[in-house]
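With the sequences and hints as input, model every part of the structure.
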Amino acid sequence: MSSKLVDAKNLKKSFGEFVAVDNINLSVQRGEVVGFLGPNGAGKSTTMKMLTGFLEPDSGDILINDIDLKSEPLKAKEFIGYLPEGAPSYSDMDVSEFLSFVGKMRGIDNNKLLNTRLDEMANQINLKEVWDRPIETLSKGFKRRVGIAQALIHDPDILILDEPTDGLDPNQKHEMRKLIRAISNNKAIVISTHILEEVEAVCSRAIIIANGKLLANETPENLGNNLIQENILSVTTTNKINNAMLKDIKSTLNNENVKVEPLGETSSKILINQENKIININKIITQLNKHKITVTEANVLKPNLDEIFRKITQNNKVTDKWI
Amino acid sequence: MGTYLNKIYIIFDRELKGYFRTPLASIFLLVFLALSSGMTFFLGRFFERDQADLTAFFSWHPWLFLILMPAIGMRLWAEERRSGTIELLITLPVTNTQLVIGKFFASWIFTLIALVLSMPIWITVNYLGDPDNNVILISYIGSWLMAGAFLALTSCLSTLTKNQVIAFIISSISGFILIMAGFSLILSAVRSWAPIWITETIGSMSFLSHFSRIQMGVFDLNTLIFFVTIIILCLWINIQLVQLKKAD
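If you read the protein sequences in the order shown, they are chains A and B.
Residues in the first sequence are numbered from 1 upward in steps of one, following the numbering used here.
Residues in the second sequence are numbered from 1 upward in steps of one, following the numbering used here.
Honestly, the hints are just simulated from the structure, not real lab data.
From the three backbone atoms N, C-alpha and C, an ideal C-beta is built for every residue, glycine too.
Any given hint could be a false lead.
[As the list claims (entries may be wrong)] Covered stretches of chain A, as calculated for chain B (at least 3 residues, CB under 8 Å):
1. 36-44
2. 90-96
[Stated by the list, open to error] Within a straight-line C-alpha distance of at most 25 Å, the following computed SDA-like cross-link-like pairs (lysine to any residue) qualify:
3. A:112 x B:4
4. A:9 x A:143
5. A:143 x B:163
6. B:246 x A:187
7. A:187 x A:86
8. B:245 x A:41
9. A:143 x B:79
See below:
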C-alpha cells in the first residue's frame, strides 16, 4: 500500500487539435493540501475532471488509493469527494434532500449513519439555517457551502475542489480556508484557485500549470526560493539620494543591482538586490552611514506568490489573460 | 445486484419527486386529463358513437403523446448538461446505464400515474354499458408501452442539447416521423420507387399501425417486441450519447 492517495502519471488530454493537458505527473499523499494554480485555460479543471473520472485521459494512468481509475472506476470513485467548478447542484431540491441524495448515491445506505453525517455537515459547514430551503433560493456563498458539503458527506479520503472559494466574501473565504485546514490532517486534498494568497494560507504544496504543462511543483515557500533569484533589502532613508550618491553606494556595496525610489521631498527608498547572497543588514547600514545616509527602516522583501506566478507562466509564453 | 438496483432506485426516486417539486407535474396531469377527455367527448364523439368502448379515448393517444411525452422527457439530460450537474452525477460511483435507466423509469412511471388518473373514463363506460374490459386493459398497457417508446426517444435526444426547448422540438419531430411512417400517403409515395421490403419495413416502424392493432384488443408478440425494442435501442443510444456528450 503506497502512501499516495492520488497518483497520476503522464496524463494527456486533447480536445481536437487543442492539447489541454500535456504529460502531467501528480501525486498527493494523505495530509497534503495541494494548490493547483494556472491561468485560465491552463488545464487545471481538465486535470481535475480526469482525476475524478469525469473525463478519460487520452493516455496516462490514474491510481486512486492504489485502485486503477480506468479499470475499476466505481470502486475508485468511492474514495473521492468532488466539488466541480461553479458548485452545481439540483436547485429545486432542499439542502437536506440534496445532501441525503448524494449521501445515498455515495453508498451510505444505513439511515442512522446518513442522519449522523447530515447532522455533522449541518454543523461543520454551517448549513443549519438553510437546511430546509430549496437550493435555488440560497445566496452564492451558501450554494458553495452546499457544494462542499456534498463533497464531504461520505467523509472521503480524497477531496478535489475546483475553485472552492470563488464568489465568496472575505469572511466566507476565511471560514472555508479554516475548514479546509481543519479537515486536511487525514485527507489528500487538491484545490484549484485563482487566488494566490489562498495557496499560502492553506496549501502544503503548490503546482503551477500553464498550456497543459506542469511548470512548478514545490512548497509555497520553496517556490519563491528556487524559482526567483531575488533577495531584496528595502531601506528607507531621511536623505534625498541623487545619481552621484547612488553610484557611490553601488561601488561601496560592490553591487550594481541597487535602485532608488524617491519618497517625497526629503527621503528615499533604496532597493538592494543581493540575489543569492545572504543579506547582512548591519554591514549595509554601516556602509550607507559612511555616505551620511541615515536609515530609518530596513526590510527584507520576500518575493510574493503573485510575482512568482506571473514570472513562471509568462516565461512559458502564456498569452492568456489570467486572474 | 442489490446495490446496483438500489442506485437505480435512488436516481429514479429523485427524478420522479423532481416532477412534483415544480408545478410541472400538476400542469402536465391537468393538461393530459383535459385534452384526453376533451378529445374523447368532442372530437371522438364518445356519446354519438353509442358504443360501450374506449376507442374514442385511446385513438388520440399517439397524437397527445407526440406533444406531452417530449414535454416530460425534455429535461432529463438537457437540464443536467445546462446546469452542470451532469459532472456531479458522472463522478458518483454509478454507471451511465444506471443513470439512464433510473431517469427513464421515473418519466415512465410518471406517465403511468397520468394514465391511472384517467380511469374515471373507464368507470364511466362501465356504468353506461357493458364494454370488453380486456380490450380496455390491453389498450391501457399498449398506450403505456407507446408512451415508453416516445419517452426513451426523448430521453435519448435530450442528451444532444443543453436547451430543453430544442430537446422538445427535435423529439416531437422525430416522434411525428415515427407516427407518420404507417400513413398510406407516405407509404404510397415510398412504394412508387422503393422495393417492397423497404416499404414494408417503414410501414412496420409506425407507432400508429402497432397501436391501432392494440386498440382492437390484439396484443401480439410483434407489437410488444416492437415497442420494447424501440425503448431498449433508444436507451442504449442514450447511454452512448451520455458518454460522448457529457463534457461538451
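Which of the numbered hints are not met once you compare them with the structure shown? 1, 4 and 6
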